[in-house]
Amino acid sequence: MKIDRLSRPATVVAIGALSLTLAACGSDNAVGGATASGSPDTEEVSTLSGQLEGAGASSQESAMQAWIAGFQSSNPDVSVAYDPVGSGGGRTQFLEGGTQFAGSDAALDEEELAQAAERCVSGEAAELPLYISPIAVIFSLEGIDSLNMSPATIAGIFDQKITTWNAPEIAAENPDVELPDQPITPVNRSDESGTTENFTEYLSATAPEAWPHEPSGDWPVSGGQSAQGTSGVVQTVTDGDGTIGYADASKAGSLGTVAVKVGEAYVPYSPEAAAAVVDASPRAEGRPDSSLVVELDRTTTADGAYPLVLVSYSLACTEYDDPADAELVKAFLGYVASEEGQTAAAEAAGAAPISDALRAEVEAVVESIA
Amino acid sequence: MSSSTPRLVRTAQSDPVPPAADRADPTGPADAAGPTTPRTTPNENGDPGRTGTRARPDVAGRLFAMTATGAGATILVVLAAVAVFLVLRAWPAMTASAEELSEGIQWFPEGQTLLGFVGPLIFGTVLAAVIALVIAVPLAVGIALFTSHYAPRRIASGLGYVVDLLAAIPSVVYGLWGVVWLAPRLYPVWTWLADNLGWIPLFAGPASQPPRTVMTVGVVLAVMILPIITAVSREVFLQTPRLHEEAALALGATRWEMVRMAVLPFGRSGLISASMLGLGRALGETMAVLMILSPGFTYAFELLQAGRHQTIAANIANQFPEANPLGVSTLIATGLALFVITLAVNMAARWVVSRRKDFSGAN
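Taken in order, these protein sequences are the chains called A and B.
Heads up: the first sequence at position 320 corresponds to 319 in numbering that gives the first Met the number 0, and the numbers run straight through without jumps.
Heads up: the second sequence at position 268 corresponds to 267 in numbering that gives the first Met the number 0, and the numbers run straight through without jumps.
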């Protein structure tokens, strides 16, 4: 209505003024950024504005949606977009400067770290393990909700060596359960996935004799049942009788789950147990200080740790060409790492919230982004 | 008696218009009136007042001709564009060595050439489509004959309507239905087949459970292609010259003998093209296969075992999201293979139809 009444030159002036105001907003933040950084308080009215773009791992997608929604509700002028193109594509786009941050199931390799040093002006790459998702071994067996299994048993089942539910290997670990004389149907992902990669990594680290295959995002054993996507696997396991599969723990639903053997105890999946293994694992060495890459200790014997997890990183720079970018990334990652952000991911995607110790480390890195 | 049959046929062929007009057959009047209408109407009725009309170029007619030619050419351009796109984008994969492929693509089978990779996929695609055809064609012919020659008119039109409705259901719905509802119900049938007919290699057991097998896929695909085959063959059967049918009945044929002697020979070429249309849909079907089949890459004939087969279209949909550039190129190369198969199938169908038409009575 207003614009209708304005003459054309006036409109141009108005638009020009508007864009000036917007630009001023951006620089304002750059100057007074210290107040708006870290974990943004919902009470405070945010003055941040601009566009933040990321791309990468599809595993983070549902958590990312929750984060974006949560972040935008307290920063209404910021638009955040995340394109789940896959980890490799996300890293490439980030390193080429196409996006301000990336999600990746794998850490940067040496070559990529060198590229990152270039992309990040005089800073370094920041790699933050902000998405920890436990993988559950799920099964459908009438009347049985939980089974104990050692990594070697799981490997034997998925390598199609242990073929019946009452096989001695399973029976020995579950003396109290009456196991049926029924064939085992293992179900795997038919598409390439981070879940498969972490699962095979776990098997080959903990049961190298029983699992002769290389860790890979593509399932190495042929001839079994398989389905596309987490929901496909869950559906297939549910439909069958005597089926067993692996999937994001958040999607396990009412299916039976396996408690895996860690040390001498059997640990059922839980978010706390998943976060515990990340804490118990050492950091990868020879990387910049801002890179919190976890060398997941799959063979850990730590009490109550569940080593079958997928850790996905948020990649960013500690320094950006454009201070406005730095401000946005800082605020966004600050929110993601905050208790609120981690709870949102737990609710939306069943992720395991990071521990306070890890959060302190992450926050120190986020604080250094400039 | 022996001389009367050819005479009857000759009468029917020399005088094809009355029965066609009787039925309000769309092709009959169009053929008769089509070429002449545009030329006569504007001159005689369109501009009666003007004197110079005859010398004027027929603008509307020429415009129409150009539009029609353009529309016809578009289809060729699109086809060529698709072919060029497929070849260009598949080129990196086609020129890559076996090592490069298995190095660069995680899901590429170790030590396999591109052909070795595409082979089982082609096999799976064709196998699923053939199972679907084997199930769907007899059923479709039955439905079409029932609606065209057996059912009372009211039931026939209702049934035809329902069959046409089946064609409007999206394939993802068929996929969901197949995987959630149908598959669990088919499992007892497959176990029965494996137990009782297991000595036939096709049905060798044990039947996989859940039955995410090529056989289940074939059944769902059959349901999906049923409407198109039924609709086309029903139309073809309806066009059997009434005189042929009446002649057969007059000679003392029962209704089944009439169908066998007059309707089926007449409709054979139409039935073949209907089947090919169905085959085309079955070959390219993606979503339903993706949701139902547990994929595997072998040349296995065990229809009841999971993890043995995969189709090209479903494989592309499955691997595309996480594929790197070389992987995408490989997938497009498999798409090129599907394109070639579909072309070959269609050309074979045309050849069969053209070979048959001389003695089918269709012309």
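Hints may contain errors.
Here are a few chain A residues that face chain B, going by a calculated C-beta distance under 10 Å [said to hold, decoys possible]:
| id | residue |
| --- | --- |
| 1 | S86 |
| 2 | G88 |
| 3 | L178 |
| 4 | P179 |
| 5 | Q224 |
| 6 | A226 |
| 7 | G231 |
| 8 | V236 |
What the hints contain is simulated information worked out from the structure, not anything from laboratory work.
Quick caveat, the model's predicted, so the values are computed rather than measured.
All residues carry an ideal CB built from backbone N, CA and C; glycine is no exception.
*List in ascending order the numbers of the hints, as given earlier, that are violated by the structure.*
Hints 3 and 4 not satisfied by this model.
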